[in-house]
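Protein chains in written order, with the working numbering: chain U, 1 to 265; chain B, 1001 to 1265.
It is worth saying that the hints were derived from the structure and are not from the lab.
Each hint should be verified, as a subset may be incorrect.
[As the list claims (entries may be wrong)] Computed beta-carbon distance windows for the label pairs: (1) 162(U) - 1241(B): 57 to 63 Å; (2) 1177(B) - 97(U): 27 to 33 Å; (3) 241(U) - 1131(B): 35 to 41 Å; (4) 1117(B) - 262(U): 21 to 27 Å; (5) 1194(B) - 24(U): 57 to 63 Å; (6) 1260(B) - 263(U): 45 to 51 Å; (7) 1019(B) - 107(U): 47 to 53 Å; (8) 1017(B) - 118(U): 25 to 31 Å; (9) 19(U) - 1262(B): 36 to 42 Å; (10) 1042(B) - 104(U): 30 to 36 Å; (11) 262(U) - 1262(B): 35 to 41 Å; (12) 1245(B) - 162(U): 39 to 45 Å; (13) 149(U) - 1249(B): 41 to 47 Å; (14) 253(U) - 1193(B): 37 to 43 Å.
[Stated by the list, open to error] Capping the alpha-carbon separation at 20 Å, the derived lysine to any residue pairs in SDA-like fashion look like this: (15) 1098(B) - 1187(B); (16) 1260(B) - 1134(B); (17) 98(U) - 1148(B); (18) 263(U) - 148(U); (19) 98(U) - 222(U); (20) 98(U) - 1110(B); (21) 1098(B) - 149(U); (22) 1263(B) - 96(U); (23) 1098(B) - 222(U).
[Claimed, not checked] Output of the computed footprint for chain U on chain B, the stretches with three or more beta carbons under 8 Å from beta carbons of chain U: (24) 1044-1054; (25) 1200-1211; (26) 1216-1223.
Glycine is no exception: its CB is placed at the ideal position from the N, C-alpha and C atoms.
2 protein chains.
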Amino acid sequence: MRAQTMETELAATPAFAPVIENAAARGRLVLVCEHASNHIPERWNRLGLTDEQIAAHIAWDPGALAVAQGLSRRLDAVLIHAPVSRLVYDLNRAPDMKGAMPARSEIHDIPGNAALPPEERLARTEAVYLPWTAALHGLIAGRIALGLQPVVVTIHSFTPVYFGQRRQVEFGVIHDSDPRLALALHEAARQLTGLRAELNAPYSAADDVTHTLRLQATPYGLPNAMLEIRNDLIASDAACEAMAETLAPVLNMGLVEIQKQAKAS
Amino acid sequence: MRAQTMETELAATPAFAPVIENAAARGRLVLVCEHASNHIPERWNRLGLTDEQIAAHIAWDPGALAVAQGLSRRLDAVLIHAPVSRLVYDLNRAPDMKGAMPARSEIHDIPGNAALPPEERLARTEAVYLPWTAALHGLIAGRIALGLQPVVVTIHSFTPVYFGQRRQVEFGVIHDSDPRLALALHEAARQLTGLRAELNAPYSAADDVTHTLRLQATPYGLPNAMLEIRNDLIASDAACEAMAETLAPVLNMGLVEIQKQAKAS
């Protein structure tokens, strides 16, 4: 009976499977890109937005996927990324958060998300959020079972101007309840790069941006962090590749540091 | 490519779907019974155990499912329960915990779990744990999306004699990081029943028994608790039914109390 219900739902709203790259990787890192795509499937009719709005940062994190792919290749890391825009469902938000299916993002109204009925919230949760959470959880739990001691890092980008304000920070490292990895990465970025690196900027856990970390890493006690790269620094393929080259040693140094701490404790 | 890998794994070890009852229920409670079954699928060859051992508490929580079903009917609550024995995979444990596939339980060696290779730990994780976690997460996230404010309660039973020691507690209420619901249920049990009720007995979170609560409730800030009933009090169908009749008002009073607290805060 359950399978039947599922099929009915899937017929109404097809499920959107996340994309997994480098699935056979055996490094500790599990790289996560919740805002990789600005794709809005046809059934949502562009959510009433213009081409320009769909290309802008409100629909996705421009550059984040290419940097994550560059890191995945350099660090023998599995990578999972979103198949649809954060405006359909923001995979870094729980289903009852306003930001999960936002009616407004920064200075833009999202017409297709205005006054969503509970049934539509459920349909998007089942079509986008649940396939994503199950796939990411599968990657993590499978690696735990194999004794690979996974470490969860999410990769984001942010806009240089937000509500008219220019942001000075270039590279943000954000933590939730367990700061170990974030502190190590922030320190590594200061030592190894010329980036203006800050902790818990341009957002922090208080802004409800650490849902993935809370859901997927904290219950298992896994080291975790969220990375934020200012998107004007990764505006071309070449710039993304260069940023991956800059950040790969930062991640490596962070992993070595938490390994050292774990041995000492 | 991923679908292919999945099929290969499923061919090797079929997935065991959890059982969901009362799926259309709209009450706040999501009842969870991780140790409902002592079924050991054929491929695991009884894990080398005798009939007597498979009937005993080491393989499951006798009575817990019948009490949970009685509560589900009385409280308009959805119920999810395990399809296989905790000795194949203990669904209240993470894949790297010893207790997930225990080589020893209380005073019994489990021959089929001795020195499991990583590949077998992965196979059981994918066959038993992942279908379970995805289904329970789906129940919870769907209810969050609908605004039903779910509350997670796990139902267990414990043996009256453990390592030769007699246990006096009859009804245990265990909490993890958020004690709200557990405190309310403990108080309600003292007021409404003649049971010897204790908080964080016969185990506590320090014994690694709150994995389900940590994984499924805490990330969403949902009220949650684990209930433990001494199994000599629920040794027959009639006794299970009577216990459900006793505990239903306790759960109702607990829900009312946390609702009151939520309004006051």
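Hints and how they fare:
For the pair residue 162(U) and residue 1241(B), the beta carbons lie near 59 Å from each other, so the given range of 57 to 63 Å is met. Taken as a hint, the range 27 to 33 Å is violated for the pair residue 1177(B) and residue 97(U), whose Cβ atoms sit roughly 20 Å apart. Separated by about 39 Å at the C-beta atoms, residue 241(U) and residue 1131(B) satisfy the suggested range of 35 to 41 Å. The hinted window of 21 to 27 Å between residue 1117(B) and residue 262(U) holds, with their beta carbons roughly 24 Å apart.
The hint said 57 to 63 Å for the Cβ distance between residue 1194(B) and residue 24(U), and at roughly 58 Å that hint holds. For the pair residue 1260(B) and residue 263(U), the beta carbons lie near 48 Å from each other, so the given range of 45 to 51 Å is met. At about 49 Å, the beta-carbon gap between residue 1019(B) and residue 107(U) stays in the expected band of 47 to 53 Å. Between residue 1017(B) and residue 118(U) the CB atoms are about 26 Å apart, so this pair conforms to the stated range of 25 to 31 Å.
A hinted range of 36 to 42 Å holds for the C-beta pair residue 19(U) and residue 1262(B), which are about 39 Å apart. Roughly 56 Å separates the CB atoms of residue 1042(B) and residue 104(U), a value that falls outside the hinted 30 to 36 Å. A C-beta distance of roughly 38 Å is found between residue 262(U) and residue 1262(B), which places it inside the suggested range of 35 to 41 Å. About 57 Å separates the C-beta atoms of residue 1245(B) and residue 162(U), a value inconsistent with the hinted range of 39 to 45 Å.
For the pair residue 149(U) and residue 1249(B), the beta carbons lie near 46 Å from each other, so the given range of 41 to 47 Å is met. Take residue 253(U) and residue 1193(B): their Cβ atoms lie about 57 Å apart, and the range 37 to 43 Å is violated. Pair hint residue 1098(B) plus residue 1187(B) does not hold up; C-alpha atoms about 33 Å apart against a cutoff of 20 Å. Distance hint between residue 1260(B) and residue 1134(B) is unfulfilled; the C-alpha atoms sit about 31 Å from each other, more than 20 Å.
Distance hint between residue 98(U) and residue 1148(B) is fulfilled; the C-alpha atoms sit about 16 Å from each other, no more than 20 Å. Our distance criterion of 20 Å between C-alpha atoms is met by residue 263(U) and residue 148(U), whose separation comes to about 16 Å. Among the hinted pairs, residue 98(U) with residue 222(U) is inconsistent with the structure: their alpha-carbon atoms are about 27 Å apart, more than 20 Å. Our distance criterion of 20 Å between C-alpha atoms is broken by residue 98(U) and residue 1110(B), whose separation comes to about 49 Å.
Our distance criterion of 20 Å between C-alpha atoms is met by residue 1098(B) and residue 149(U), whose separation comes to about 15 Å. Our distance criterion of 20 Å between C-alpha atoms is met by residue 1263(B) and residue 96(U), whose separation comes to about 18 Å. As the CA atoms of residue 1098(B) and residue 222(U) are separated by approximately 17 Å, the hinted pair is consistent with the 20 Å bound. Counting residues of the region 1044-1054 of chain B whose CB lies closer than 8 Å to any CB of chain U gives 0, which falls below the minimum of 3, so the coverage claim is violated.
Only residues whose beta carbon comes within less than 8 Å of a beta carbon in chain U count, and the region 1200-1211 of chain B has 1; fewer than three means the coverage is violated. Figure legend: the region 1216-1223 of chain B, annotated as covered by chain U; annotation consistent (3 residues with Cβ-Cβ distances under 8 Å, at least 3 required).
When held up to the earlier numbered hints, the structure conflicts with 2, 10, 12, 14, 15, 16, 19, 20, 24, 25 and fits the remainder.
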